[in-house]
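Residue numbers (our numbering), protein chains in the order written: chain A, 707 to 841; chain B, 707 to 841; chain C, 707 to 841; chain D, 707 to 841.
Treat each hint with caution, since some may be false.
Unchecked claim - Keeping only pairs whose Cα atoms sit at most 30 Å apart, straight-line, the calculated DSSO-like set for lysine-lysine is:
no., chain 1, residue 1, chain 2, residue 2
1, D, Lys809, A, Lys720
2, A, Lys809, B, Lys720
3, D, Lys720, A, Lys809
FYI, nobody ran anything at the bench for these hints, they're computed from the structure.
4 protein chains.
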Amino acid sequence: MHAQQIISTHPDVKGQINDALIRCIEECYDCAQTCISCADACLVEENVTELRQCIRLNLDCGDVCLATGATSTRRTGSNEELLRSMLDTCAVACRLCAEECEKHAPRQEHCRICAEACRRCEQACQDAAGSFATH
Amino acid sequence: MHAQQIISTHPDVKGQINDALIRCIEECYDCAQTCISCADACLVEENVTELRQCIRLNLDCGDVCLATGATSTRRTGSNEELLRSMLDTCAVACRLCAEECEKHAPRQEHCRICAEACRRCEQACQDAAGSFATH
Amino acid sequence: MHAQQIISTHPDVKGQINDALIRCIEECYDCAQTCISCADACLVEENVTELRQCIRLNLDCGDVCLATGATSTRRTGSNEELLRSMLDTCAVACRLCAEECEKHAPRQEHCRICAEACRRCEQACQDAAGSFATH
Amino acid sequence: MHAQQIISTHPDVKGQINDALIRCIEECYDCAQTCISCADACLVEENVTELRQCIRLNLDCGDVCLATGATSTRRTGSNEELLRSMLDTCAVACRLCAEECEKHAPRQEHCRICAEACRRCEQACQDAAGSFATH
Chain A
707 MHAQQIISTH
717 PDVKGQINDA
727 LIRCIEECYD
737 CAQTCISCAD
747 ACLVEENVTE
757 LRQCIRLNLD
767 CGDVCLATGA
777 TSTRRTGSNE
787 ELLRSMLDTC
797 AVACRLCAEE
807 CEKHAPRQEH
817 CRICAEACRR
827 CEQACQDAAG
837 SFATH
Chain B
707 MHAQQIISTH
717 PDVKGQINDA
727 LIRCIEECYD
737 CAQTCISCAD
747 ACLVEENVTE
757 LRQCIRLNLD
767 CGDVCLATGA
777 TSTRRTGSNE
787 ELLRSMLDTC
797 AVACRLCAEE
807 CEKHAPRQEH
817 CRICAEACRR
827 CEQACQDAAG
837 SFATH
Chain C
707 MHAQQIISTH
717 PDVKGQINDA
727 LIRCIEECYD
737 CAQTCISCAD
747 ACLVEENVTE
757 LRQCIRLNLD
767 CGDVCLATGA
777 TSTRRTGSNE
787 ELLRSMLDTC
797 AVACRLCAEE
807 CEKHAPRQEH
817 CRICAEACRR
827 CEQACQDAAG
837 SFATH
Chain D
707 MHAQQIISTH
717 PDVKGQINDA
727 LIRCIEECYD
737 CAQTCISCAD
747 ACLVEENVTE
757 LRQCIRLNLD
767 CGDVCLATGA
777 TSTRRTGSNE
787 ELLRSMLDTC
797 AVACRLCAEE
807 CEKHAPRQEH
817 CRICAEACRR
827 CEQACQDAAG
837 SFATH
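Using the sequences plus the hints, can you model the full thing?
In C-alpha cells:
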C-alpha cells in the first residue's frame, strides 16, 4: 500500500508522519480483506455449522477494520477522541476474531492465516492508540 | 427500512426482537447517508474553508455508522463485547459530528439536518448499548 | 431516511430534486441492510449448505448497494458516467440476488423479504438510470 | 496484503489462483485508501475550490474500489455476471478519477500519487475482467 507516501503529502502533515498510525492503516485493510476471505472459505467447509461463530466474527471484524482504516487515514482538522475510541474498538474486534480463528487453525488453514492477520492488526491498533499522546 | 421485519425471521431471534437495537440500526444507516450528503454539500459552500473540520467529522461519522449498522444487524452466534464497544464509539462519532454541525446550523441548513440525524443516532446507540444487559 | 430533505439543501441542487435518484438511494441502504441480515439468517438455517450461493449473492449485493447509495448521494460537480455504470451494476446485483432468494422464499421467510427488497432496489436503480438523461 | 495466500486456501479454489484477480483485489484496496487520502489532502489545499470535482471523484472511486475488492475476494459459488459488471464499473471510476487527478498532479503531489494508483487499479480491473473467460 501507499499509505505513507500519500499521507506524507497532506499539507498539515508536512512530513511529520506517525509511523504507528501508518502501519495500523495498512494492517486494517489487510485484515479486512483477510476476514472477508476467511468468512467466504469457512462457508464452504464441510464443518460449516461449527464455523458459524467464526464467520460472524470475521464479517464484523472486516467491517470494523474498513471503518478504522478510513478514519485513521484522514489528517484534516482533528478527530482524536473518535480515533482513539475506534482504534480500541478495532483492537477488540481483531482480538475476538483471532481467538475464534485460532480454535480452528489446526484444521482450517484460512483460519490460521486470518488469526495471524487479526493479531497483527490488533497490535497495530494498540500501538497507534498509544502513539497518539505525542503526535 | 425493513430491519425489524427481516431480523425477526432469524432462526435464533424467534420473535424476541431488541427494539432499541433495531432503532439503532435504522438510525445508523440514516445518519450515514446524511453525513455523506452533508460533507458533499459543505464542499460547495462559499465558506468551505470554515467547514473543513465539519467535512472531516461527517466522513468519519458516516464510516463509523455503516460499520455499526452492519455489526448491529448480525444475530448469528454472539459478539456482544464488540457490539458494546462499537455502539459506544458510534455514539462518540455522532456526538462530535453533531457538535460541529450545530455551529454551522444557523447558516447551513444541511448542517442543521445532519446535526439532528447525528443526535438521534447518538441517542439510539446509547439506548441500544443500555439495552444489552437484558437481551 | 432523510435523503430528500438533506440533498435538497445542496447549493447546486437548489430544490431541483431527481425523485428517482432519491428513491434509489433509500432503496440501496434498505437493500444493503436486508442483504446483510439475510446472509446472517441463512447461516444458521439447518439447510445452510443449500444456502451458500444465497449467502454469497447477499454479501456481494450488500456491498454493491452501499457503494451505489454513497455515489448516488453526492451532488458536487458531476460523475454521471460512473453513476450510470454503478446503477446498472447495482441492478444486476439486485436481480441476481433476488433470483436466488426467490428459490428459497417458500421455505425461508428472510429470503422472501430479501427478494422483495432486491426487486424494489433493482427497479429503483433502473428508474434512476433512466431519469439521468433529463437531469 | 495476503490476498493470494488466503484465497488459495478456499476449498473450491484448490490452488488454482486467478493471478489477475488477486492483483486486482490488492490494487482495489490500495486505490481506495489512496483516494480517501487524496480527498482529505485536497480539502486543506489553498485552491480547494478548484479541487471540488477531484474530491467528488476521489470519494466515489474509493467507495467503488472497496465494493470491488470485497466482491472480487469471494470464491464461494459464483457471481460472474456481477463481477464482470463491477470490474467494468471500477475501471470507469478509476479512469475518471485518474483523469481529474492528472490535471492537478503538477501542483498537488497527492494528486500525482493518486492518479498513479487509479491507473494501476484501472488496468488491474481490465486485466481481471479479461481473465474471466478462462477461469
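Going down the list of hints, with the structure as the test:
1. Lys809/D <-> Lys720/A: Given that 30 Å is the threshold and the Cα spacing comes to 23 Å, the pair holds.
2. Lys809/A <-> Lys720/B: Measuring from Cα to Cα gives roughly 29 Å; hence the hint holds.
3. Lys720/D <-> Lys809/A: holds (23 Å)
Of the hints listed earlier, there is not a single one the structure fails to meet.
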